[in-house]
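Below are the chains, spelled out letter by letter.
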Amino acid sequence: MAFSHSGESGPWRVGVLFSRTGCTAVIERTQLYATLLAIEEINSAGGINQRQLVPIIYDPRSDPALFARLAKRLIIEDRVRNIFGCYTSSSRKAVVPVVERLNALLWYPTPYEGFEFSPNVIYTGPAPNQNSVPLCRFLMRDFGRRFFLVGSDYVYPRESNRVMRELVLKNGGTVVGETYLPLGALHREFVPIVRDIKRLGADVIFSTVVGDSTIALYQTYADAGLDPKVTPIASLTTSEAEVRAMGCDVGEGHITAAPYFESLNSPTNASFVEKYRRRFGDDEPPNMCAEAAYFQVLVFARAVEQINSADPDLLRLVVAGIELEAPQGRVAISHEYNHASVWTRIGRLNREGRFEIVEGSAGPVDADPYLIGCGRALT
Amino acid sequence: MGERKSIVERAHRIELANLETVVALRQDRDTEVLIRVLQRCRMRVRHLWPVLGRLPETAEVIFCELTNETPDLLPWMPGEPKGALVVVLNEGEVPDVDLLINSTADGVLSRPITPGAVLASVVLACSNFRYHQRLRWRISRLDESLRSMRTVERAKEILMRTRNLGEEEAYRFIRQQAMSRRVPLAVVAQAIIDSHEYLG
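Chains A and B supply the protein sequences, listed in that same order.
1 is the number of the first residue of the first sequence in the working numbering; add one for each residue after it.
1 is the number of the first residue of the second sequence in the working numbering; add one for each residue after it.
Heads up, some of the hints might be wrong.
As the list claims (entries may be wrong) - The list that follows gives simulated cross-link-like pairs (lysine-lysine, DSS-like), each with its CA atoms no further than 30 Å apart:
1) Lys198/A - Lys229/A
2) Lys170/A - Lys82/B
3) Lys198/A - Lys170/A
4) Lys229/A - Lys170/A
5) Lys93/A - Lys82/B
Claimed, not checked - Selected chain B positions facing chain A (in silico; Cβ < 8 Å):
6) Pro75
7) Met77
8) Thr104
Worth flagging that the hints you see were computed from the coordinates, not collected in a lab.
Here a beta-carbon is modelled for each residue, glycine too, at the ideal position from N, C-alpha and C.
When you get a sec, could you build the whole thing from the sequences and use the hints?
This is the structure:
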């Protein structure tokens, strides 16, 4: 359909939906920063085909229902066809029906639980085969077979734990406990959980706690005197942003699997980190979610440049197949599921609050959101 | 008499009777015609005018004007409709195409309203709406099946290993359990996995 909302001239208008308030603002704010950084960079280089990129930004306040309403407003009232946004899977699931019905594209820069595909979503964070599978293999080899699963109580942690449980059991491990706390749970709510972890003699704590509660979990763990060298907390979402909030001493020794760490040693990343810090403050390190938020805008720009249109029906065709050099390394969007091929890496936190990369893939790994190709052993 | 009979008869092909129907249109002769036809189709019609705030969530069919406010009147989010929507155009009106798309209407009715056009619009809108609902339902079932398949596979492997069953036997075991307990395969499979896990 040729109802071009952007028009043939004038700026390219895009929507941006990351929370600046609410329980996941600590990480979503960095995704907003990185999105703006990419937009500013594109604009200072002359825009896309000589047209500036103009973001229309709302604060969905970590509330899925508000995410859906604002997505609707962006498409209908602001006449935007591309939205960069969403962190929690609950917010993504609230926005997906809206972008599907009104035919817009959601660019989603966050690790998620997989088992999803929509022609109206471009997924630029890792799916389980790109983070859970290598993480499980690493943990079982280096720490042991007894896993304790703890998560925030919503769709992403429950689904990620389902996948992790399956991987652990398939490979001869056991799950000694699985528990959920509400988003925004406080320190005192973690105390009995940490006590259980000690009592049950877990080798590894696999955490899918997100947002502010992450800080409470790691701090409670530290207060209980557990040793990360023996029983680390392993996560898919604890990034530089959360570590900065919890304190470097608290984070030391814990493990995260992600396509990107701020500590990556490459010219592209050095330049990204430098620009990010210069723009948002010296004590603001980027993280995996910010990096995906950043490179997905570059992918968008590359695609729009090729066809000189931001129409989702046309864009969808050219986005798949685009390859570019992101801070994490070379990335691409796969034809099959609109998911990014990203790097898999395991990072361990050092005393300075930086991730030391202890393991990683030799190149980008294709997403397998339905885990079709990795159902069995972790090899 | 003839017209009355034929509309009811024709409407019978698609189940319209008792549908909660909201007509959010200004009071005039066109609206009267519309309501009369809908009532003949045995639909439960409620006329709301002026419209204050959102239309009721229980509406299964909605007739409303096509204006900038239309998207805000709907009691559901785009993509998750609870009923069929017909927008009504004024005589000679050329609709704003963006607005028409954004209204997510299932059908259109133009003034002056005639009984035949009412029947056409309500039948098409309801049939399209139901078709979309069925597709959405099917997609959600497919998503579920993809997950279940993994669960069943795992349960099957456990049975094959622990009970020394062949693949076909293991699968048959799960299916029989599911049938005799009247629960989905995935539920039985999950129970097998869980108990295997707890028993070591």
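query: What are the numbers of the hints the structure violates, in ascending order?
result: 2, 6
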